[in-house]
Amino acid sequence: MTEFMDQNNQADIAIEGLSKSFGTQKVLDGFSLSVAHGETVAVLGRSGTGKSVLLRLLIGLQKPDAGHIRIQGQEINGLEVKPLNEIRKKIGFLFQQGALYDSLTVEENVEFPLSRHTTLSAQERKSRALELLESVGMKDDMDKMPSQISGGMQKRVGLARALALGPAIVFLDEPTAGLDPITAAEIGALISQLQEKHKMTSLVVTHDLHGAKHFANRVVMLDHGKVLFEGRFDDLQKSTDSFVMQYLKDAA
Amino acid sequence: MALNLQKTFCPMLVYLSLALILAAAFTAGSSSLPNPWRALGSATETSVIGFFAWFGELGTFCWRLARVAFVPPWEGGELIRQMDAIGSKSLPLVALAGAATGVVLSLQTRETLTRFGAKSMLPAVIIFSIVKESGPVITGLIVSGRVGAGIGAELGSMKVTEQIDAMEASAVDPYKYLVATRVLACIAMLPLLTLAADFCGILMGWLSNTLVEPISLRLFFNTGTKGIAFSDFLPPTFKTAVYGLIIGVVSCFQGMRTEGGTEGVGRSTTSAVVLSSLFLILADVVLVRLIQVFYP
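Going line by line, the protein sequences match chains U and E.
For the first sequence, counting from 1, position 191 maps to 191 in this note's numbering; every step adds exactly one.
Position in the second sequence (from 1) plus 1000 gives the number in this note's numbering.
Treat the hints as calculated values from the structure; they're not laboratory data.
Predicted, not measured: the structure shown is a model, and the values here were computed from it.
Virtual Cβ for every residue (Gly too), placed ideally from N, Cα, C.
What follows is a set of in silico ranges between Cβ atoms, one per label pair, in the way DEER data are often shown:
1. E/Ala1100 - U/Pro181: 57 to 67 Å
2. E/Trp1054 - U/Glu75: 30 to 40 Å
3. U/Ser47 - E/Ser1042: 30 to 40 Å
4. U/Ala185 - E/Arg1038: 57 to 67 Å
Computed list of lysine to any residue pairs in SDA-like fashion (alpha-carbon distance at most 20 Å, straight line):
5. U/Lys90 - U/Thr119
6. U/Lys82 - E/Thr1060
7. E/Lys1132 - E/Leu1287
8. U/Lys89 - E/Pro1174
With these hints in hand, go ahead and build the complete structure from the sequences.
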């Protein structure tokens, strides 16, 4: 499949025949994808084609109608809350709007997973939060409330929170959407940098072709719940599929 | 007899059918629906199903809550934060409402009792009515307004901004961290707030009484509590723990099932207050009767 698969036969994320409908609308229709350890895959597609739903299914926030999801070899479909939570601890999730907890400060937001799932002392948690916030360039705003910082800043803090437990896998839901080009580029660069440093397996839902080109090893184009294209970004640009061509043309 | 029945029912049937025909004509003329009766039927069906579905969902919610509420890890910090938010911060409002009740009771009953020549019963009437009913119910309603709205809006906006999903995704059970702590805080704080309301009510009842006709607080209290036993005082105070349970569960439930953006948050907030107040009053009827049965 890719050089990642050759290096490591064990896929960190293996999705087979995933289907999900809302009423009569089929959002995912037999979707399959395999992401190798340390690989970054970008999922592209039009709005409303089930990209965010895919991530929600992968973390067990919604249940699929059919199909299998294996995270590091373990099937998560139909899993009880307790074992599911054990898997969730290995996964960092960045929500589209950041989803920071309103009632907690920036620092407390980043410390939240640490205080739940680790035995670190308050001092250790603080220094870990500081380190994470520094890596996303938000160290100076650690005492602010989420409502006092901008949308881009909230996403950065969300990213820091997603990385708090040192996850093996990260799911990023449109990390650069709605940001100015400079901030978007910064976040894109930050994602590449963090991946290089921590060797995380990532699945990134995005509309940002420029970013995807830089940080993704592989791209998947979704249309009507099915995979329209799967491969390297360079090959995507060579695709003769009319939808892919239109998408690339309009995005340029 | 048969003739009587016929006389009574026949005109009624005629009027009823007339009304039905008229209604059909009206709705057919004004409505664009192909079959108004079917539409009316399906609307009734939807609301009946909705009614039962609500209780079903509430049952599932309570079951999920019960499963996580009594197992470690304990969310002590959050529980204390909620006790402060729900209890301490409601105290001024509850105290004021209790005080006002005391004054009103004193003003109203003085006049009534004087008319019946039973003015000496005034302290007992004030203390009895505050301790047995006014204090608990006023506290419950004030808290359901303040706290119900707060919880409904907070959890509702957390739901629509994906904060609850974020919590679940980070392997923290929102039912444990957000719901159980709020429900437990409500259960624990309601009886304490009731004590505060009772205290303020009795004190202000005495004050407004003594302004008209001076009486020492000690005498007022002693005459007022002469016939009172702990069984008059404890059950009504502790029944407010049930009010707390209702307020906590109903408002959290309404908050957690919020859908549809900010409009949905508005709906959850309103329904949290309305439903918790309504169930509180209904539960009061049952509780008062139960207390009478068990503490005659």
